[in-house]
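Protein sequences appear in the order of chains A and B.
First residue of the first sequence: 1, per my numbering; consecutive thereafter.
First residue of the second sequence: 1001, per my numbering; consecutive thereafter.
Hints listed in this document are in silico derivations from the structure and should not be mistaken for laboratory results.
Please note that the accuracy of each hint is not assured.
[To be verified] Estimated spans, in silico, between C-beta atoms of each pair:
(1) 1052/B <-> 78/A: 23 to 33 Å
(2) 1043/B <-> 247/A: 39 to 49 Å
(3) 115/A <-> 1006/B: 22 to 32 Å
(4) 1060/B <-> 141/A: 18 to 28 Å
[Stated by the list, open to error] Here are the computed lysine to any residue pairs in the SDA-like style, where the Cα-Cα straight-line distance is at most 20 Å:
(5) 12/A <-> 25/A
(6) 80/A <-> 1006/B
(7) 80/A <-> 1142/B
(8) 25/A <-> 1013/B
(9) 25/A <-> 61/A
(10) 1045/B <-> 25/A
(11) 80/A <-> 61/A
(12) 1045/B <-> 114/A
(13) 80/A <-> 1038/B
Treat the numbers as computed from the prediction; the structure is a model and nothing was measured.
Every residue gets a Cβ at the ideal spot worked out from N, C-alpha and C, and that includes glycine.
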Amino acid sequence: MKTNSTDAILVKSLVYAVNGTTILKGVDFRAAYGEIVGIMGASGSGKTTLLKCIAGLLRPTAGEVWIEGVNIAPLSEREKMPLRLRLGIVFQYAALFDYMTVYENVAFGLERHRRLPRSEIARIVKERLAWVGLEGVEHLYPSQLSGGMRKRVGLARALALDPHIVLFDEPTSGLDPVNAYQIDRLIHRLNRELGLTAVVVSHDVTSLFRTTDRIVVIDSGQIVEEGTPEAIRQSEHPKVQAFLRMASTESLEEQAGI
Amino acid sequence: MREELVWQDEEAPQRASVAGVVLEFIGGLTLLLVASVRGLLAGRKEWREMLHQMAFIGATSAPIVVLTSAFTGAVITLYSASLLVRVGGGSFVGGATALAMARELAPILTGIMVTARCGSAIAAQLGTMKITEQIDALRALAVSPVQYLVVPRLIAGLLMFPLLGAIANFAGVLGGGVVATAFEISPFTYLRSIQLFVEPFDFIGGLIKTLVFALIIIMVSCHQGLSARGGAVGVGHATTRAVVLSMVLVFIANYFLADALFARR
Ligand SMILES: Nc1ncnc2c1ncn2[C@@H]1O[C@H](COP(=O)(O)OP(=O)(O)O)[C@@H](O)[C@H]1O
Ligand SMILES: [Mg+2]
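Next up, chain B with everything else stripped away, as it sits in the complex:
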């Protein structure tokens, strides 16, 4: 029998050792990524499913991203303003908040919120489809689960994450601005400070981060869902693992991205 190094839609055998499980995870994720990229470049586009997923990722996550970012921007400003105003550095406050949001907080908050909101939902849906034989039903109808389920989610994620990241930036700066007025920093000073200290690349670099996070979160969640086995408990495990693994990988990737994008500037 020919053993191929491609993503298999069949159930993978269980591995007994920890090393086996880790290798299986990395190998499976890589093969799924290769299959998805191939499906993304060629093959039928599931436009309806893609629009549906864009609406799901974008619309359902936007309010919670706005809310958490606004309060995060506010609390950053609270600390920085109370320090800086004391030493007469009120004109640095806007820059500090906007820089922190653009480089770190907006991308990370977007990643966390979308993982909680959509990563878990993706893993649960695909996991349920797996254990109820709906994935097999797709294959039996000559439809590739990767093409039909993973690719549209990946495209939707890659399109919506930067948008959500931009919204998060805006909300954070706005939240900070409100708090700044309480420290008698005028909106004009606040905005002027942003103009002085933040470069376009800080913003763009942050959005590049969200693209990488989208790739991680969508692929990990789809992979966990498609590898679910057992009953409802199996779906629960897949969902939990999708969230935990996505988060951990996002934070690890964030460090290396920060190093690559911003450390030498």
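Chain A with its partners taken away, still in its complex shape:
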């Protein structure tokens, strides 16, 4: 693997160890510009840790993390600050600022990084909320929103500063199928209309298969398989097969017969 101008994200032999346990054991990963890449794996396989290393929120123990041609792994927090604006992250539980209204949450980054008049900020906030299908909730607090709405506000907040790349941590977990479907459509639309590069971390097989261009499967901190959704479905790898079988809709009796 070499850095190539079509890679928005390139991760090389990434190792992350903390408290004596190695969570990521030499992960290689890439996402081309405009691609939607899924990271699939069971809970505890290291998906969130990988995402936070890509976002520069965790410092890798070893390895390289190239974001749009810059290796952020050795950079200090201060040096990473300007690079953060290229990249948005939607947290698993949205991580909205709970003492701020929806409006203040979405406006937060704009007020600090863009010299814009109040009216322009208001316009952008309204527009981003409209993108994610939320209107008339500006004055509400996060505690007054449903789980699906919170995730959408989290997405609107991440989109406020026009990132080129958006990282999603379990965007559909904890949502009912209707809300999950809407979030998936949203990711797809943002990718098609704005050309966003998206990395979607999830254990939701259905969601990943219908949203992504390419899927990598992670197991115990290692990438075990990679390919298009179709190729993953056909994969011979025992870990992948086991994972897909458990996520399938066949009845338990049918599965036992395999």
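Assemble the complex: chain A is given as a structure, and chain B with the ligands must be docked to it using the hints.
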């Protein structure tokens, strides 16, 4: 990989040994202090957050500081007056109360009350933000948690503590004055005694103490909050530790400050 000696917003690894934990605490607190001072001198000022914190520390603590100081001033006067009046030293009572308040009781009471009221709240809020990934969300939006959360609280503390200390002095002397009248010490004698025995530096020295206490309480509470881990239990631990550590450090600092400010006078 470059290891830097600066405050890290990332989760610190857990230390197994007691010595490790103590070193981690002292090291982390020092690095956070350095980062905060740097942020205080340069970098974006979060005026709104600062005003908010000033209102929180000042307004919510003032009533309880007034109440505890007034009763403390009253009880000091109760003891000193019952002794001194018996030996004909009623004219010393005001001075004794005011001196005790200015040098010791007003700063210490302010420290204790604000720790209970605000130190715990700061640790709980920052701890909750830490475990719910709101701190990570700040960083992801290219906003430094130290600049946005710690610096405004530190400035608010440094501004409000001396003010609260002054209020505590006033309340204590007033409380003492009320009790003094019960021992037939006139307000005039009481005030005259204060004028005779208390120097401006006693008052100023007390306010210097409150500045140091503000630094200790705000930094310890922020540090504990930002180092919280685990769930709600983790936030609970952080809050408890913030209060206990703040108190202990305030009392230790108080001794050395008393020695430096007042012992040779
Ligand atoms: N700070 C930490 N200290 C120790 N273990 C951790 C820490 N953070 C995560 N882990 C462990 O690393 C593994 C991967 O965590 P995570 O990346 O959150 O997984 P996922 O998002 O795939 O569910 C888990 O087994 C978790 O217990
Ligand atoms: Mg996770």
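Evaluation of the provided hints:
1. 1052/B <-> 78/A: 23 to 33 Å: holds, 26 Å
2. 1043/B <-> 247/A: 39 to 49 Å: holds, 48 Å
3. 115/A <-> 1006/B: 22 to 32 Å: Given a distance of about 28 Å, which is inside 22 to 32 Å, the answer is holds.
4. 1060/B <-> 141/A: 18 to 28 Å: Distance hint for residue 1060/B, residue 141/A holds at roughly 21 Å.
5. 12/A <-> 25/A: holds, 11 Å
6. 80/A <-> 1006/B: holds, 14 Å
7. 80/A <-> 1142/B: Holds, because 8 Å separates the two Cα atoms, which is no more than 20 Å.
8. 25/A <-> 1013/B: Judged against 20 Å, a Cα distance of about 18 Å means the pair holds.
9. 25/A <-> 61/A: Status holds; Cα separation ~10 Å.
10. 1045/B <-> 25/A: violated, 41 Å
11. 80/A <-> 61/A: Judged against 20 Å, a Cα distance of about 17 Å means the pair holds.
12. 1045/B <-> 114/A: It holds: about 15 Å lies between the C-alpha atoms, which stays within 20 Å.
13. 80/A <-> 1038/B: holds, 18 Å
Consistency with the previously given hints fails for number 10 only.
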